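Peer 1: Chain residues, written in single-letter form:
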Amino acid sequence: MGSRRYLLSKCLQALVTLWFVLTFNFFLFRVLPGDPIGMLARSEKLSPTDIAQLRHDQGLDLPMAQQYVVYMKNVLTGNLGESLRTGLPVRELIGSRMWPTVLLVGLGTILASWLGLVIGIRGGWRRGSRFDTTSQYSSLVLYAMPEGWLGMLLLLVFSGWLHWFPAGGYASADKTGVAHLVDLLDHLFLPLLTLTLGYIGGYAIVMRSSMIDTINEDFVHTARAKGVPERLVRSKHVVPNAFLPSFTLIILSFGFVLGGAIVIEAVYSWPGLGLLTYQAINTLDFPVIQGVFLIASAAVIVANLVADITYGYLDPRIKQA
Amino acid sequence: MRSRRRNVLAMTAGLLITVMIASAAYAQTATPTSSSSGDVVLRVGVIADLDTDNVFAVSAGSDYTVATSEYDMLLSFSSKDLTAAPGLATGCDHNGDYTTWTCHIRPGLRWSDGQPLTSEDIAFTYRFVIDNNIPQYKSYFPSDPTFETPDPTTLIWKAKAPTFAPEMPPWVYIVPEHIWAPYDGKDLKTIRGVSQTPGVGSGPFILSSWTPGQSFVMTRNPYYWGPTPSLDRIEYQVYTNQEAMIQALKNGEIDALDGLQPSLINSVQGSPNIALQKVVSDWWLNLAFNFGGQPGSTYTPLPALHDLVVRKAIEMAIDKNAIVQKVYEGAATPGDTIVRPASAYWHLDIPADKEFQYNPTAANQMLQQAGYVDTNGDGIREDPKTGQPLEMHIPASTDTTGAEQAGELIVGYLKQIGIKVDLLPATDAKMNDYWGSGNFDAYIWYWSGDPDPNYQLFVFTSAQCGSWSDGCWKDPHFDKLYEAQHTEMNQTKRQAIVKEAQQYEYDQVPGVVLAYPNWLEAYRTDRFTGWVGQPGPDGYVLPTYNYDTWLSLHPLGETSSSSSSGLPGWVWLIAAVVIAGVVVVVVRRGRKIEPDEA
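These protein sequences, in sequence, are chains Y and P. Under the working numbering, the first residue of the first sequence is numbered 1, with each subsequent residue one higher. Under the working numbering, the first residue of the second sequence is numbered 1001, with each subsequent residue one higher.
Since the hints were made in silico from the structure, they are not lab data. Keep in mind that this is a model prediction, so the values were computed, not measured. Here a beta-carbon is modelled for each residue, glycine too, at the ideal position from N, C-alpha and C. The reader is advised that the hints may include incorrect statements.
[To be verified] Facing chain P, according to a computed beta carbon distance under 10 Å, are these residues of chain Y, among others: (1) 65; (2) 160; (3) 271; (4) 303.
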């Protein structure tokens, strides 16, 4: 298969997936019981006539097929609609939550993948060493630990007992300039620590096991037989080959950054996309849910595409298949 | 080559971490003990973010908190008992037959942008609500009123029939005509979509910034007509985690918090310098029976519910005290009537001798005597008329604090008297479907209303079947009582009728008022003094019905600050040095080991 054809087919696949996700999102949230306007009834004293009027204003009384056409047309023109709950444009809402999420989850992913790889490489290379056993156990423990629980624990210790860090939020409202930046770091520390600890295990385990697989490959024995120094066997022969599965994992993790970290964001009141998703689902705010799901799935699909393409170059065998 | 690159990487990472830690250290040492500008700032933690900054779209919690601080009403609610108190008007007089009310507006009022506020703004707001059919407010204007403004300090309210509406008083925030006139006549969606930050209001604090999901800030209004508050600013911080919010209060990051789950009472109670406010209830949890007959409904609810004996037996089988203790951790009182206790002037406390006491044995006897016998030995009684077993589908709102847990208890209580309950937990959106379609035998949800009991009685009238009515209870005698209080202009006489209506409704058991849960607030006692409860000492201390607290709060010494006690700067510096050292050691070791391995 030629390079260009490979690229084209991958892009086409991505587009089809995106369309499928869009359609799926549309129907998924509409088969959920209840409707967003109805939720306002008791708190806003809306009588059934008022509800019907609001439903009409929002286009929720149109036939499903017609709603779908309107929705697709809007999405293609970049119009994500307005939140049913707040009336604010969804694009604005997502925009305002994007930065906190990228900061937290992006930084967490970088830190966790870097530390995870280092641990995995070292552990896999010296299988059975004390470092390996310790790191493997801790990786498994961290990997298996529910993020929310870990978050609550760190919150209790570092904020509740030691009073070192604030108990949640993004930054205090009245600080500017350097003070704001510093305040932001104060608030960022605990969620970032939780996220990094929570993610490290996965990377370390994958990297370690592919190191072990690769070490036993024939070409490694050949390299050793040729008298290649151990240092070079590791850095030139084992790590590059063992890195492939971790590479996919890392690229995909970056795709998931825009999905936010729902549990951690909720524990630390971190105003990111994860929290927005959580709140929107609770209030059945269709346009917002669709918006965040669209952004999140588009990011994953793009990351997948990037992984597929670069993978093809990193490992030419893939393109042949 | 490769290892040098790795070293550089490790050094960079080490440096990055050191810088981060050093700047955090700077933060700790540089955190001022008072707000950087020297302003007096009150910090409040809230669970509910602001949904809207638009008074025509307010729906819950924080929306009302902000609106109540930012806007005035024609007449306010008194902190004592929530009856009418002076607001923008010092008072209103009525003519002989209560069809014309003349309200005296304070002279020299200004909006927060400096524009004059006159009776014309009030008339505009009222017409805007009526003409644009604003759902939250339109019910406050019965009998097609018109509004006249002969001069800037006089508002004349003329109704087609006698009314006490102006003195209820109407819960309608007065908005500036010069801001809202362009939206008059637009559709509801457009009106509700208008954003108002920074807002223009007449209250003591104006919403000056709002970062959705994070925080919102209210700043003192320089043109406020009343006494100048001590506070310069009120900063609201949104928490999505209640435990974290409590921690923030204990650490002193916030001075007060609004809305606490009953299950967390124990983590606040007894903490030094923290007061817990169990607010007298303004909502109630109810078990409403469905009598059927909703327009378009195809469902036939359990026919036995039409029998008063069955309804009374259910009421007597439910242990309300246990619901208070187990579901609300004691932060509630057992329910009795449909007018909440916060409306102290109107609420009827059912006398003990007229109360249905919890007594499952007596309930069983009543059902047995009325012929509801378990004929097939499956533990469930059968209806003697239809032979149908007494089985009920009961949806319970998962969005209402305690509804589902109360439902779980009720399953057990009713089993004891031979009634089977199929509990269906449902979100409010789904509850609304059940409610509208009439597709349930009973449901567990809540009611909440105005300080004035009119609305709360209104929803129980026959005509509300298919609209506000829970389960289409139709009782002509209750309808008559509702009408009588609605047209009685003498307040003392009206109070008597309202109480009679409550007793009658209680006796007829169209539903069971399960509990009056307390709203929970907490505040630090070492920061500010002068919290005002509304209504009375057991009322809300954070603005709900009025903003009296904002006017009387005074800082106690050095208060106006955030300040977690913080890890001292030197600890940070040492940590930074240690980490930098570790990085250096790791890098060096890497260099040494690699040649050995080769």
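Peer 1: Run every hint past the structure and note whether it holds.
Peer 2: Hint check results:
1. 65: violated (22 Å)
2. 160: This interface hint holds because 5 Å falls under the 10 Å limit.
3. 271: Nearest chain P Cβ about 3 Å off; hint holds.
4. 303: This hint is violated: residue 303 of chain Y lies away from chain P, its Cβ roughly 23 Å from the closest one there, beyond 10 Å.
Checked against the numbered hints listed earlier, the structure breaks hints 1 and 4; every other hint is satisfied.
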